[in-house]
Structures are given as C-alpha cells and as structure tokens.
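As given, the protein sequences belong to chains A and B, one line each in that order. Quick note on the numbering used here: the first sequence kicks off at -12 and runs consecutively. Quick note on the numbering used here: the second sequence kicks off at -12 and runs consecutively.
Possibly wrong hints are sitting among the right ones.
Remember, identical chains collapse to one label, so a pair may be satisfied in a single copy or spanning two.
Restricting the straight-line Cα-Cα distance to at most 30 Å, the calculated cross-link-like pairs of lysine-lysine (DSS-like) are [what the hints assert, rightly or not]:
| no. | residue 1 | residue 2 |
| --- | --- | --- |
| 1 | Lys227 | Lys25 |
| 2 | Lys74 | Lys330 |
| 3 | Lys218 | Lys234 |
| 4 | Lys188 | Lys227 |
| 5 | Lys74 | Lys307 |
| 6 | Lys132 | Lys218 |
| 7 | Lys227 | Lys32 |
| 8 | Lys336 | Lys32 |
| 9 | Lys307 | Lys218 |
| 10 | Lys230 | Lys330 |
| 11 | Lys32 | Lys330 |
| 12 | Lys330 | Lys25 |
| 13 | Lys132 | Lys336 |
| 14 | Lys96 | Lys336 |
| 15 | Lys227 | Lys93 |
| 16 | Lys234 | Lys32 |
| 17 | Lys336 | Lys234 |
| 18 | Lys230 | Lys307 |
| 19 | Lys32 | Lys132 |
No lab work stands behind these hints, which were simulated from the structure alone.
2 protein chains.
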Amino acid sequence: MALSAGKLINLKQLSDASGRFLMLAIDQRGSMEQALQKVLGDGRKQTPEDVVAAKVAITGVLAPHSTATLMDPIYGFPYTLEALPPKVGVLLAVEHSGYEAGPSGKGRKAMILDGWSVSKVKRSGSNAVKLLIHYHPDAPEEVLKHQHDVVRQVGEACVEEDIPFLLETVGYAVDEPSTDGPEYALAKPRITIASATEFSKPEYRVDVLKLEFPTSLKFTEEFCNAYFDSKTREPVYGVKEVKDICKQLDAASSKPWVILSGGVDIDEFLFNLQFSVDAGASGFLCGRAMWQQSLQFYPDTDAMVRFLETDGVYNFNRIKAIASNATPWNSRGDGGAPSLDQKSLEWHKEYRGS
Amino acid sequence: MALSAGKLINLKQLSDASGRFLMLAIDQRGSMEQALQKVLGDGRKQTPEDVVAAKVAITGVLAPHSTATLMDPIYGFPYTLEALPPKVGVLLAVEHSGYEAGPSGKGRKAMILDGWSVSKVKRSGSNAVKLLIHYHPDAPEEVLKHQHDVVRQVGEACVEEDIPFLLETVGYAVDEPSTDGPEYALAKPRITIASATEFSKPEYRVDVLKLEFPTSLKFTEEFCNAYFDSKTREPVYGVKEVKDICKQLDAASSKPWVILSGGVDIDEFLFNLQFSVDAGASGFLCGRAMWQQSLQFYPDTDAMVRFLETDGVYNFNRIKAIASNATPWNSRGDGGAPSLDQKSLEWHKEYRGS
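This is chain A alone, in the form it adopts within the complex:
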C-alpha cells in the first residue's frame, strides 16, 4: 500500500500502535440540539452555548480514551481543543449539518459548511477530513450525481492537501415508508453495500469508510422480541444472515472501514461492533452509543461528568476490548504494509507543493 507522506503520517495518528481505529465521535450538531431540547423540555429553547457545554463535558472525559476524536468546527473544536491530551488525533467534519432536499423533496444532497474547507482542516493541524453524506441507490439521478460530485471534490481536495479522507455514508428512506419499519430493515443491506461499493472506487480518493451497521438487529429472530427496547417486531432475518451480510459489506469495501453507532444504544452497538469486527472492520468511530445517556443530566454538567467517568468509560472500555481484534488498517488489502509512495533522494524536490 503506497501512500503519500501526509496520508501516511496522519492515518497513523488516528490509530493505535497496532493499526486499529478506536475513535470517538462528538461532531453531532442537529441530533445533539434535538437531544438537548428534549432534556430541557418546554422550559426553554436550547442554545449554541448548551451544545458547547455538553460537548466540553463529553470530550473532556472521553477523548483521552480515544486514539482520535471527531469534532465539529463550530461547537466542538474551538472549545475543546486545548483540553485534548497530546497524541490524540483529531478529525474535523466539513459538511453542513443536515441536507438539502432533492427534486420534489426526494433525496438528500450534502453541502459543505459555509466558510469552511478541506484546506482549513489541514491548516488547523487536524489529522483527517470527515464528510457525511446521506446515500440511497434509489435516490433520483440528480441527487446521486450531486452526492458523487461532492465526494469526488472533497476527495480531490484531500489529495491536494495531502490529508486522509474519511467518508461517512448514512442511508435514509426513499421509497420505504420510514427507517423504522421492516421495509427499511430489509433494504438496509442493499443500501449499505451499495454505498461501500460506490465509494470504494478509486476516483473518490477515500482513505477510510465510516459505515452503518448493514442490518437492524431489532428485526432479527433473536432480538426482535423487545430485546433492545420495549417494542416487539416481526423479524425479517436472523443473526446468521446478518453475519453473512457483514461479510458482504466487508467484501464490498476495498478501503479500511469503521463502524458508526448511529444512535443505537450501547447494548445493541456491542453486537453491531462484534459482528463488524468479525467481518473485517478496522475499528469504530462511535458517538452516541457511548455518551448519549449522559445528556439526561444536562444542564448539570457535573453530573454528566460523573456519569461519563463511570458509565461512559465503561462503555468505551468494552467497545475497545471488542475492537482489539479488528483488522489493522495497515494490513488490509493485498498491498502489504503501508509505505511511502516515493523512496528517493529526490523526494523533497518532487513532492508536490510550492
């Protein structure tokens, strides 16, 4: 695996010594605002200062346990950077939170955050660029083209700046009635695998894929009976099939990939992670599964910190233990261990740049 200097150095900064990604996500914006509003109730509207305060509490406790932490550049990075211990990598999001609707309200288009760029992420000293896009292979052509173009542009900018590119794909309902029903649970493997297949193509210049778990365990024969929540559902598959789908996802991804937690609770995420690691994932980039329960204490940030220091760290330790058997990113593929793309006495002259 031949890599340019900036990609090689910075990918190493994201992983542990054995090449496993044990990463914390605290870049949530829209979902964090909603969660805080729910806790604050009708009493008052949540403000940017609430988001900052919650992020400072969570990042301060959990980031030191991560190999790298994914932040947003508005509420997170400027307020939590100085508390980050040395040797913890930083990933920064470039997208605008949310999306623009496609034609006739169908489909979701990603946007880059106004006033922000890949070049600024690089200049800020961060180790990687993260882009989130919503993706569904059945979205209108115009929407698919838009998403492909955005990913390609960010990928090219990351090559220009010589910084790793982590692409997160999240599915959504297009013709399915919602993401909560059995139709979506059945469609999820196809959506996830199509995303991994598409963005593994070399033209997108992705270095690491951040993928959703390709099924919903709530719809398995084993776990459909109110195992993870209070609801009983009709099963659409079993765990054996789920494991096979995870292997298909791994086969579809020619890039190292990590699993995201996407709002599921820690109990479900432990299974998601185990099956992903068994199939070939290189670790996790996990947010809410680890820390969302701490939000119930807001605005008592002292209570949040106490909860995070016990339950939060307990969650982190368990998922790290599972990920200790993940596939090292630097042993993936047939290219062997990563090396510099040009070992030459002329490297310093020929290396791109002004």
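Add chain B to chain A, keeping to what the hints say.
Just chain B now, kept in the frame of chain A:
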C-alpha cells in the same frame, strides 16, 4: 498563552503528556557524511546510500523512544517514515546543510534547501519546521541581516501554514582563533545568550528555541583535567559560574527552549542537560550524544542495531530521566496554560485559509 489551532495541536504532538520535549535528532547531513567517511577510511568514499542505511538503523531503534523525531527530507524522511510508530511526532529541517560564506569569507549565511519549503513540510503531515542557522553577534552586518531575514521569512511562512517553528542557533568562531580554544569557551556564553535574546523577539515568530549549551564544561575547573576526553586544558570558569550562565540563558529566552547535544559525548551531555533542565529548559533535541558511537560499526548495520538497542536506549533512558524535571513548555511564561486564540462560534469562518 494564546495559540492558533495548528500551532497548538502540533506543539502537543511534539511533547509528552506533561509538556516536556524528549526529542531525537537524526537530521544530520554534513556531519554524518564526515563521520561515515572516517569509519570507512580510505577504502571507499561514503555515498548517499551509506547515509540512508545509517539513518534507517538509528531511527528504527531510537525514534520509538522519542516524543518526536527531527529528520532531514533527503536521506531520512523518505526512507524511515514508514517505520515510525504512531503517535511519534515529526520535525523536518528546511535548511540546506552547511552555509554560504559572508563577505571576505567572514560569517555564515543560511540557505533554504533547494526545492523544499515550509509549505511542503506542512503538506507532508509533519508537526514542525526546524531551521538551523549559524549565529555570532560579531559577524558582519550583512551576514547578521541575512540571518535575521531568513529567520523572519521562515517564521512568517510558519504562521501562514500554521505550523510550529523550531529555530536552532549554533555559534561559530568569528574573531576567535577556533571553536576549540579557551577564547571561544569564554565567548560562548555571550554568543548563545545573544542568539536567544535576538530570536525571542516576537517579529521572528519562533515557537521553540533549540540552543547550544552556553559554555564548554571541558574548560571548567572541575572538568578541565581530561575528564571528558584525553586532553588537559586551562580552565576559564567553574561549574558554579556555568550554572549561573544557564540561568542567564533561560532568562534571555522568552520562548520554551530545548538543549542540543552538538557532538559532545554522552557523559558531557548528561551534565549539559542537567544544568539546562535545572535552569528552565523544556527538554532536549539530542542527536549524536545518543547515537554517534554506533557509527563505529558501520557498514555492519546489524551490529549498529545491537549497539543502539543496548547502549543507545540506555543513553536515551538516562537523558529522559533527567528531562523528566524539565519545565513544561505549556507552563512557561506568564500567559498560563495554552489555549486557542479564538474561542468563538465563528472560529471556522474567521480562521485564516481558503
């Protein structure tokens, strides 16, 4: 201490969790070529491949023990980067090895390496820019102006790229007969302190100074009698005076500073480091004192590695133990702990960059 994002993140990557710089220097070019030629003798001329082979052996064994490693972009970085463990920072030299002579051969002028730049260092994913200049306050005006200009230009480029700037100043004989005699030993405090004073000025935008030990212990009453080598010398000062000079150097440097080994043997460097740490240094950036003895085995790189794994690591452990009482860079000065220069919800828009 308010710092921009890129300076703050990358300074942290150079130090340990307590803010101490425990750094390896393996960026030698001219002095490495000379040392290898000495070992190879008249049998054959040393080649670039010899320098690469020696650097691969030394870096592979010692870099993992450092908080960060200083490399050169020709023989070192392209060949040793992939063996560098995660979480070890990288500093890259920007100067051409050697110097250009001043008017009538008097004075030394620094040059930037052809085809290389601060911008390329940043793009490569390295954590800091290192510039070495020769400096003597008695050099011709034209030479002093040149050196000031080069430092100022590199400092401005480091601000532009938002990457830490480590400046190394090395004295040399101007009106003194040589650097080996008592005249130079007596002049060294003035030269070193003048360098620290000059380049602490805000206009140079230096983040860390890499300084020479401000005296020569070989010329002290205590150590003049063939203590460090086979030569007996007339003393020009005593250790008590040396300690006071170290404190003056610390007072002259308003920036965090590290001590270099400058070719002295490990026994002498242990004293240099102790007195520097006691005076306020923030650690070391040490090269030859740690590894130069391993070169005697070249071209048997296996024997080099065996020596480095025992004696080299022993040297490193002893100097790290002394530096464990160094002044953390992030507690230096009256500015308090380092923080981001702009904590604001508009940071991402206002942060410089395109």
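Hint by hint, here is what the structure shows:
1. Taking CA atoms no more than 30 Å apart as the test, lysine 227 paired with lysine 25 passes in neither setting, with 37 Å inside one copy and 67 Å between copies.
2. When the C-alpha separation of lysine 74 and lysine 330 is checked against a cutoff of 30 Å, the pair qualifies both within a copy, at 26 Å, and between copies, at 22 Å.
3. With identical chains, the CA atoms of lysine 218 and lysine 234 are at most 30 Å apart within one copy only, with a shortest distance of 28 Å there and 71 Å across copies.
4. Proximity of lysine 188 and lysine 227 under a CA criterion of 30 Å is satisfied intra-copy only: 29 Å inside one chain copy versus 67 Å between copies.
5. Taking the closest pair of Cα atoms, lysine 74 and lysine 307 come within 30 Å of each other both inside a single copy (17 Å) and across two copies (18 Å).
6. For the identical chains of this complex, lysine 132 and lysine 218 are neighbours neither inside a copy (38 Å) nor across copies (77 Å), given an alpha-carbon limit of 30 Å.
7. Taking CA atoms no more than 30 Å apart as the test, lysine 227 paired with lysine 32 passes in neither setting, with 45 Å inside one copy and 66 Å between copies.
8. For a Cα distance limit of 30 Å, the shortest separation of lysine 336 from lysine 32 across copies, 25 Å, qualifies, whereas the shortest one inside one copy, 56 Å, does not.
9. For the homomeric pair lysine 307 and lysine 218, the shortest alpha-carbon distance inside one copy (29 Å) is at most 30 Å, but the shortest distance between copies (58 Å) is not.
10. In this assembly of identical chains, lysine 230 and lysine 330 lie within 30 Å of each other by CA distance neither inside one copy nor across copies; the values are 41 Å within and 45 Å between.
11. Taking the shortest alpha-carbon separations for lysine 32 and lysine 330, only the inter-copy value of 23 Å comes in at or below 30 Å, while the best intra-copy value is 57 Å.
12. For the homomeric pair lysine 330 and lysine 25, the shortest alpha-carbon distance between copies (27 Å) is at most 30 Å, but the shortest distance inside one copy (55 Å) is not.
13. In the homo-oligomer, the alpha carbons of lysine 132 and lysine 336 lie at most 30 Å apart only across protomers (28 Å), although the nearest pairing inside one protomer, at 38 Å, exceeds that limit.
14. For a Cα distance limit of 30 Å, the shortest separation of lysine 96 from lysine 336 across copies, 22 Å, qualifies, whereas the shortest one inside one copy, 40 Å, does not.
15. For a Cα distance limit of 30 Å, the shortest separation of lysine 227 from lysine 93 qualifies neither inside one copy, at 34 Å, nor across copies, at 80 Å.
16. For a Cα distance limit of 30 Å, the shortest separation of lysine 234 from lysine 32 qualifies neither inside one copy, at 44 Å, nor across copies, at 56 Å.
17. For the homomeric pair lysine 336 and lysine 234, neither the shortest alpha-carbon distance inside one copy (43 Å) nor that between copies (42 Å) is at most 30 Å.
18. In this homomeric assembly, lysine 230 and lysine 307 come within 30 Å of each other (Cα to Cα) only inside a single copy, at 20 Å, whereas the closest approach across copies is 49 Å.
19. For the homomeric pair lysine 32 and lysine 132, neither the shortest alpha-carbon distance inside one copy (37 Å) nor that between copies (60 Å) is at most 30 Å.
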